[in-house]
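The primary structure of each chain is shown beneath.
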Amino acid sequence: MLAALLIVFREVFEAGLIVGIVMAVTAGVPGRGLWIFGGVAAGVLGACVVAMFTGGLSELFGGSGQEIFNASILGFAVLMLTWHNVWMARHGREMAAELRAAGEAVVEGSKSLAALGAVVAVAVLREGSEVVLFLYGVAAAQGGASLAMVGGGFIGLILGALVCLATYLGLVTIPARYLFGVTSALIALLAAGMAAQAIAFLEQANILTALDETVWDTSWLLSDSSYLGRALHTLIGYVDQPTAMQLIVYAATLAVMVVLMKLFASPAAHPPHVAAAE
Amino acid sequence: MKFGRSIGLFALASLAAAAVCIPRTASADDAVPLSLTLKDHKFDPAELHAPAGKPIDIRVKNLGDIVFEFESSALHFEKIVPPGSEAVVHVRPQQPGRYSFFDDFHHETQGFLVVP
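As you go down the protein sequences, you meet chains A and B in turn. Its first residue numbered 2, the first sequence is counted upward by one per residue in our numbering. Its first residue numbered 85, the second sequence is counted upward by one per residue in our numbering.
Simulated from the structure, these hints should not be mistaken for lab results. Heads up, some of the hints might be wrong.
Here are some, though not all, of the chain B residues that point toward chain A, as calculated from beta-carbon distances under 7 Å [unchecked claim]:
# : residue
1 : VAL151
2 : PHE161
3 : ILE164
4 : SER169
5 : VAL172
Ideal placement from N, C-alpha and C gives every residue a C-beta, glycine not left out.
All chains should be built: construct the whole structure from the sequences, respecting the hints.
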């Protein structure tokens, strides 16, 4: 029971951090509940499908199917997060200031919601497929689902959901004028971490071998298998032994995000002297 | 905006450098093949040996009846291996040392790669 509880909690907690951030980012946007719920539902469904086909998936691409699949969906999530942040840099203030017709803002806003819904789906799919595989494996090994396993899994799910709720409630206590900046930074770090993780999968598949030496080892300080390590891994992409390429891609993702946000920033958001310098 | 642009240029340059570097520096043919099995939450052998400075391919076969996740932070891999199936992970050339790998679903299930 404890094994099921711990594994389910660990995975739900990782996905829950991301869902909590997305909930805080979209606080107050009409229709967000539907998109987030849709993302979770699509993720759960996707997790079951991926878990069912893990064997076949692994054999694709000369045995590197899992790695390529993971790198692809992570890359997709990075694009969605970048797009969201750029979109918010352009329209966030306009929406807040009600400079746009409310109707148009909601329609535009729902595009950004779709991007975040997709990110939620990817997060739930990745963590969920491990839960499904693990629980299915335990059930198969003991010849059926036991009450202990179902109970443990259920408690793990509830505890993981509480982490999601705590993340959300913690973030929304931030005063409104800072919330936009904080959530933009969180989304940028989330994207950079996911990009670095995608690189790890490409390195593992031998698709990327350049600059793959380990740059530092902080596992003595914080192992990335510990709970705090896992939380930081999900939130900011912490790895205790990163490769050079992971660090480069992490920095490049952040830099590209910042540049795009500045390039596409709503003109009204610029102080006048910046406009004069252009 | 100038500051932003210079960051952008740096980012583009990094990406370009990354793209140029992508061609493999080590071919998979040179890799040292190692293999092990997992059964009853135990790796067999529990200790693998490989020479330093050569890429390594570790083939793991799951002989147990439960899925496991073959993972190592030091050696940079994580891969799900369903029961009855096998998987290969590619490891870059290593310096001498003792590197651990484990089952991410059962951390007690641990093994080592020893590079003399």
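Quick rundown of the hints versus the structure:
Annotation: interface hint on VAL151 (chain B) holds; nearest CB of chain A at approximately 4 Å, less than 7 Å. Interface restraint check for PHE161 (chain B): the shortest CB-CB distance to chain A comes to about 5 Å, inside 7 Å, so the restraint holds. The beta carbon of ILE164 (chain B) comes within 6 Å of a beta carbon in chain A, closer than 7 Å, and the hint placing it at the interface holds. Annotation: interface hint on SER169 (chain B) holds; nearest CB of chain A at approximately 5 Å, less than 7 Å.
For VAL172 (chain B), the shortest C-beta to C-beta distance to chain A is roughly 5 Å, which falls under 7 Å, so the interface hint holds.
In this structure, every one of the numbered hints holds.
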